[in-house]
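> Residue strings, one per chain:
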Amino acid sequence: MRRYSIKLITQMRRFVIGQAKNLIDQTRRQHHHHKNLRLLSLLPPFSAASDSTTLVSSSRLLSSSSEMSASDSSSSLPVTLDSINPKYARLKIMIHDLVKRRASFRFFAIVIFVVLGGSQVLKCEYAVRGEIVNIAQRLQEELKTNKDAYPFDEIIYCNIGNPQSLGQQPITFFREVLALCSHTALLDESATHGLFSSDSIERAWKILDQIPGKATGAYSHSQGIKGLRDAIAAGIEARDGYPADPNDIFMTDGASPGVHMMMQLLISSEKDGILCPIPQYPLYSASIALHGGTLVPYYLDEASGWGLEISELKKQLEEARSKGITVRALAVINPGNPTGQVLAEENQRDIVEFCKKEGLVLLADEVYQENVYVPDKKFYSFKKIARSMGYGEKDVSLVSFQSISKGYYGECGKRGGYMEVTGFTSDVREQIYKVASVNLCSNISGQILASLVMSPPKPGDDSYDSYIAEKEGILSSLAKRAKTLEEALNKLEGITCNRAEGAMYLFPCINLPKKAIAAAEDAKTAPDAFYCKRLLNATGIVVVPGSGFRQVPGTWHFRCTILPQEDKIPAIVNRLTEFHKSFMDEFRD
Amino acid sequence: MALDYDALNENVKKCQYAVRGELYLRASELQKEGKKIIFTNVGNPHALGQKPLTFPRQVVALCQAPFLLDDPNVGMLFPADAIARAKHYLSLTSGGLGAYSDSRGLPGVRKEVAEFIERRDGYPSDPELIFLTDGASKGVMQILNCVIRGERDGILVPVPQYPLYSATISLLGGSLVPYYLDESENWGLDVNNLRQSVAQARSQGISVRAMVIINPGNPTGQCLSEANLREILRFCYNEKLVLLGDEVYQQNIYQDERPFISAKKVLMDMGSPFSKEVQLVSFHTVSKGYWGECGQRGGYFEMTNIPPRVVEEIYKVASIALSPNVSAQIFMGLMVSPPKPGDISYDQFARESKGILESLRRRAKIMTDGFNSCKNVVCNFTEGAMYSFPQIRLPPGALQAAKQAGKVPDVFYCLKLLEATGISTVPGSGFGQKEGVFHLRTTILPAEEEMPEIMDSFKKFNDEFMTQYENNFGYSRM
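Keeping their order, the protein sequence lines are chains A and B. Taking UniProt numbering, I'd label the letters of the first sequence as residues 1 to 589. Taking UniProt numbering, I'd label the letters of the second sequence as residues 1 to 478.
Keep in mind that the hints were calculated from the coordinates and are not lab data. Glycine residues also receive a C-beta, built at the ideal position from the N, C-alpha and C atoms. Take these hints with a grain of salt, some might be off.
Unchecked claim - Only part of the chain A face toward chain B is listed, based on derived beta-carbon distances under 10 Å:
#: 1; residue: Ala-329
#: 2; residue: Asp-427
#: 3; residue: Ser-445
What the hints assert, rightly or not - The calculated lysine-lysine pairs, modelled on PhoX-like cross-linking and capped at a C-alpha distance of 20 Å, are:
#: 4; chain 1: B; residue 1: Lys-36; chain 2: A; residue 2: Lys-214
#: 5; chain 1: A; residue 1: Lys-434; chain 2: B; residue 2: Lys-13
#: 6; chain 1: B; residue 1: Lys-35; chain 2: B; residue 2: Lys-276
#: 7; chain 1: A; residue 1: Lys-226; chain 2: B; residue 2: Lys-13
#: 8; chain 1: A; residue 1: Lys-214; chain 2: B; residue 2: Lys-416
#: 9; chain 1: B; residue 1: Lys-36; chain 2: B; residue 2: Lys-416
#: 10; chain 1: A; residue 1: Lys-214; chain 2: B; residue 2: Lys-32
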């Protein structure tokens, strides 16, 4: 697929915005939500008057939102929708922008869904907002009572990066160690030797010895238990071939709190900008909005396999600067989410050089570092790249995020992760420590697991063979699933799909016929959401519309995980193929 | 440098967090040098030797390694009720401990929490208004983030207070509006004082939006009476404040005159219009009580009279963080539905929990009495929570020496104490105190058998300190 010229994009934008205006006017007339939305952005930031007005009656509080009129903004309750932090509201205003641009969202709630609910986070959990997930759950309930209600037996959730919820088994060795650390009395029982591998027992002892008082129920150092950080630093060193310092490691409850912490430090106002890829994982847009900063987008080039071009970075940086925005950092997701590309080493060097030259903090989201599926690509950490270029502590400011939720381990529910922070002065480091300490520490079993994934069993250990078999089994199966799904998608009329070189997702581009776009407009839905809803209703397959991740205006995508178990993939391919064919038959121009 | 100190968010620089501040860092240094340090700076019971309760650890271990449940020998290591409970909790998840849960927490656990609140208060509780969090701190941050829009939004916070509140308010760029607890009334909360604080804040253009109470108190250890809670709720009603009830120490009560009573129960007892209009968010945790499972990071908050659309916004922001960690959610489930009489594990569970609470009660007394036997030290009795907060009456000589050392006087005293005895405390200035009055906070958590020795070594240090600085300057302030 060709890269769109700027001119073409501009034309598309104009077209879409024109359509948008009509639609928004229509929808505003129809839905009070929009009135409120508009009000939110017009409200004075602060109303001292609200303190002196009288209380509204309790029945008003209980009225459903659809009955609420715009005048609710004058409510004198201490916490009402209109008086909560406008940064929350900004999440919506950002969404409002989307509405303007895309034009065709019916409900405010749908829009929130695509921005937030569409993320892997939210799928089944974010049912309230995600219209597509809502529908999915409703269908699932109906299927329980009436197996023949739909032409499919089950809902297949391809919307969320939550592997164990789809049947992926945890790595046995990791869980053995965690169980022993959870109930340390087991270590004194002889029966334990019959039930646990010998190296898991040894490892549990080793870990307990690193915890002061062997107390797994105690708060730890705010950066995480020192001995576990030592193991992580050793793991990083083994991975990169360059030294890592345990004092640079900040352990966090999943990778997300680390991202929030850095945004908190970097962003003082909307004048502070963060360069983020488009398409992007919505954590970044949401976190920037919550902290009141400005997202400076850079577009990944779909035609070159979602390549990251330095010329694009430069262009966007200059444009932002010309608007008076101080760009503080560049976020890079490698391997990419939702785009699945693995950056080439040469490309990474250019990125490091760019950050150094422009004085940007490099925020490297490297949570999919174990998820690489193609022989011609390899994961290199940005730290390794920077060091290999001869850049040390004084040259580049780099934060690398890692999580135990991804990889072959997929331990989302544990909330474990870390960030490795290099190239900051000690006074800045102290500030990071202080922010970390307000939350005391991250959860200990997440910390233990993070140390385990960075120092798994070694050849000769009792568990080594089974560990390797489990790991390879999961990774090779993911690679097969990625390949099968990619090939199937590319066979479909009007669909082009870059290969998933890494991560857990495919992000195909759908060239929707004009008739389908018109039908979506009639249904007041974004064209990609329209497609995804049709897909769900026909097949039970749940995917996320591309608008949730943002995309080049006028292009349409969806994100589909490669996580359903392998035996389900052929059925998914069949259903998808059949659906797409009939969809095209219905709407082909 | 891409990010130098000057370019940092000012709110971050302003934020202070004493519990892990200068004293803690110095103590850690001394520990590295091989000195024996008694950490009484953080309410972290397991770090000081408190053993975890057996039953919940058994259940969570089984959930961590569910393959054990299929092993015919599992019964050799685990009692049947732990096995049954592990199966129960795993059935509430979508993929065991390894899958993200609903962003508000597992629905099944939230239901158990609601049932617990209902049993405790005698009023219904709605699981939809309960959010599980990674520790209570995360919940407090979420709610304050929702309330604070800018520096003109004020939050009423008790002084002395737990620094989570001051730190979070400054990180979020809001204004802390202090109200002073009355030390001479055993840290009582005087509503007239509250009114004054609010009036003063308003005269400065601050819109006071919420009020924090910590009950039982941290660092002050007092238990609020029902009458006092009524006054507070009435005040919140009149002034239209959201009440944030930090009730994490509700199991930690060391006297019989004032049992814990939740703000929610008092509010419901007050009836209409209060019960229908006062907005309340209550916080709880697995880190305190006789559980002390700090390292799990488990907690919840319950919202009362918060409009559905605001609840949705809070949900939205919670979902950006994906989900609270699942094993701590299970700890929370176990805490609110512990073994019952007749269960195999009941006797052991009851014995362990009673043992911890009774020992804490004795330690509270040893500590208060110990402080009150020291020269120039007066200390209210620890009615609840986990802390002792003695007032240290520093002689002018000590104030002057502190000034010369460039230290706040109580920091000066606490550093000297640390160097001399290895006891790591938190200076009162980290919690806020009236000007010219100095305190320190210790936990009552050191092992009971070590307590007399600790108090002896404290007394020896203190009395020598006082003598030194009184003698050098010839008179005492007292």
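> Against each hint, give a clear statement of whether it holds in the structure.
Checked hints:
no., hint, in the structure
1, Ala-329, "holds (7 Å)"
2, Asp-427, "holds (4 Å)"
3, Ser-445, "holds (6 Å)"
4, B:Lys-36 to A:Lys-214, "holds (17 Å)"
5, A:Lys-434 to B:Lys-13, "holds (9 Å)"
6, B:Lys-35 to B:Lys-276, "violated (56 Å)"
7, A:Lys-226 to B:Lys-13, "violated (25 Å)"
8, A:Lys-214 to B:Lys-416, "violated (29 Å)"
9, B:Lys-36 to B:Lys-416, "holds (15 Å)"
10, A:Lys-214 to B:Lys-32, "holds (17 Å)"
Of the numbered hints given earlier, the model fails hints 6, 7 and 8; all others are met.
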